[in-house]
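*Asks:* Residue strings, one per chain:
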Amino acid sequence: MNGTASPHLVDLSASPTRALNQALHALGPDTNETLWRVVRPDGRHAIAVGIDAPITVEIDGHVGYYCAGMNKRARVIVNGNAGPGVAENMMSGTVHVRGDASQAAGATGRGGLLLIDGNASARCGISMKGIDIVVKGGVGHMSAFMAQAGTLIVLGDAGESLGDSVYEARLYVRGAVASLGADCVAKTMSDHHRAKLRARLDAAGISGVDVGEFRRYGSARRLYHFHVDNALAY
Amino acid sequence: MCGIVGLFLKDAALEREFGALFAGMLGVLSDRGPDSAGFAIYGRGELDAVKLTIRPPRGTDLAALARALEPAAGGVVEARRRGSHAVLVVPATREQAVLAALAARTPPVALVSRGRRMEVYKEVGRPTEVTESFGLERMAGSHGIGHTRMATESAVTTEGAHPFSTGRDQCLVHNGSLSNHNAVRRELRRAGIAFETENDTEVAAGYLSWRMGQGASLAEALQGAVGDLDGFYTFVVGTESGFGVLRDPIACKPAVMAETDRYVAFGTEYRALAALPGIEAARVWEPEPGRVYLWERAA
Numbered sequence: 042m043n044g045t046a047s048p049h050l051v052d053l054s055a056s057p058t059r060a061l062n063q064a065l066h067a068l069g070p071d072t073n074e075t076l077w078r079v080v081r082p083d084g085r086h087a088i089a090v091g092i093d094a095p096i097t098v099e100i101d102g103h104v105g106y107y108c109a110g111m112n113k114r115a116r117v118i119v120n121g122n123a124g125p126g127v128a129e130n131m132m133s134g135t136v137h138v139r140g141d142a143s144q145a146a147g148a149t150g151r152g153g154l155l156l157i158d159g160n161a162s163a164r165c166g167i168s169m170k171g172i173d174i175v176v177k178g179g180v181g182h183m184s185a186f187m188a189q190a191g192t193l194i195v196l197g198d199a200g201e202s203l204g205d206s207v208y209e210a211r212l213y214v215r216g217a218v219a220s221l222g223a224d225c226v227a228k229t230m231s232d233h234h235r236a237k238l239r240a241r242l243d244a245a246g247i248s249g250v251d252v253g254e255f256r257r258y259g260s261a262r263r264l265y266h267f268h269v270d271n272a273l274a275y
Numbered sequence: 015m016c017g018i019v020g021l022f023l024k025d026a027a028l029e030r031e032f033g034a035l036f037a038g039m040l041g042v043l044s045d046r047g048p049d050s051a052g053f054a055i056y057g058r059g060e061l062d063a064v065k066l067t068i069r070p071p072r073g074t075d076l077a078a079l080a081r082a083l084e085p086a087a088g089g090v091v092e093a094r095r096r097g098s099h100a101v102l103v104v105p106a107t108r109e110q111a112v113l114a115a116l117a118a119r120t121p122p123v124a125l126v127s128r129g130r131r132m133e134v135y136k137e138v139g140r141p142t143e144v145t146e147s148f149g150l151e152r153m154a155g156s157h158g159i160g161h162t163r164m165a166t167e168s169a170v171t172t173e174g175a176h177p178f179s180t181g182r183d184q185c186l187v188h189n190g191s192l193s194n195h196n197a198v199r200r201e202l203r204r205a206g207i208a209f210e211t212e213n214d215t216e217v218a219a220g221y222l223s224w225r226m227g228q229g230a231s232l233a234e235a236l237q238g239a240v241g242d243l244d245g246f247y248t249f250v251v252g253t254e255s256g257f258g259v260l261r262d263p264i265a266c267k268p269a270v271m272a273e274t275d276r277y278v279a280f281g282t283e284y285r286a287l288a289a290l291p292g293i294e295a296a297r298v299w300e301p302e303p304g305r306v307y308l309w310e311r312a313a
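Just so you know, the protein sequences line up as chains B and S, in that order. Heads up: the first sequence runs through residues 42 to 275, numbered per the numbering used here. Heads up: the second sequence runs through residues 15 to 313, numbered per the numbering used here.
It is possible that part of the hints are untrue.
[Stated by the list, open to error] Sample of chain S residues facing chain B (criterion: CB under 10 Å; computed from the structure):
| no. | residue |
| --- | --- |
| 1 | Leu28 |
| 2 | Gly281 |
| 3 | Arg285 |
| 4 | Ala288 |
Just so you know, these hints were derived from the structure itself, not from any lab. Virtual Cβ for every residue (Gly too), placed ideally from N, Cα, C.
Using the sequences provided together with the hints, build the complete structure.
*Replies:* Spelled out as structure tokens, the structure:
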């Protein structure tokens, strides 16, 4: 039997990604095979996608597209950089990227926590629907585009057009924001918001950060409804 | 799709391995561009000679062709066959005369590139087969750029494969598609730039050559492209002394770079860089959109 003490070791230079993913998909909800270590990812795509089990998968090296996509309940750790679409459409669990993440990190995510120790590039949290994303560095342009629900917390700076066409997601940025997108505005920070932000930073294991340094951004809600002045356009 | 790679060596001790490293990088990106592939490689050059990379008609007797060019070249022409291409080495002062002699032949001999150090090879087919047919693995060089193509804007032909070269020791590979290439091509034709295909990337190469012909530096020419070329692009540009990288302002196409004490490398995906020596300790990052990156060596 494989107990939790000795993790499964998977060398992706020796066996295909598909075999790893199929083994992870075969795990039941009460599996005791809870520790997996993946080596030599070498930028391969779709590593550890579609997991639905309370396990930990630690990946040593840089990963390609869509790592840990659709994740449910698992904790996936990337000891390196992640390519486009890391944790795309995550449902629950935790994905932790110890390096940088490329475009569209956490896109359409519905739940769970995506923690990025480095920077995330363009379109971080695009169309997010309930996920919590915490980026210790900065995020690129068009982050939180059409973000519907959830929280994007950025300890560094944000690129151009932050929160364009944002719905009800909450955006907190500690550094500079290059520009805000359409219908995204700065909002007041109340004690209620500071407490929520503190709780999320705690959940991400981040201490020593003053929540008073953050600004909150969200929807001005001007794009929600048809404006009667536009009726003559039809 | 499409895949592009670039490798610029800082450590001359790696130059003999250049072809093997570079062929590996291109091969990994076969699935991003299975139609055709090409590469530019910068080897050692002689001060007073120029290398003409040509694609002679199938069945051409290369030795006879070299002899026929002797009057134009003013002496013996060194000719080396490389797959479907060949490299002619001629005195720099005779370059125009040899080019005229090549153009006057029936059937015509296609010129692929000209340069003191640059040789360009491209062909239709799986990238691994293309690089093998040219013997890239055994080539030495200081830097190079390469491309695997999945065609969108023009036909799958050898002429439509990248890199595109429109100037001496200058070439360009492109991942993306330009939307205003027809208008820009018309303007550049009026300005005297010649085009051989309907390909969008050739327009970008012509644009950069035109800007540099007017006195702009490579960095200035690339910066100008941000305003004048519309569409999606990641460009990697090769020059005699180095290479440059530019992504469109919305970063539509992926790109990743790595740097160590021994080299700077570019890849559409990290997979292409994963087999480079010492990559585990390299600084790996994503180039920022709309920003010009340049690496140069003393010429």
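*Asks:* Confirm or reject each hint.
*Replies:* Going down the list of hints, with the structure as the test:
no.	hint	result
1	Leu28	violated, 20 Å
2	Gly281	holds, 9 Å
3	Arg285	holds, 4 Å
4	Ala288	holds, 4 Å
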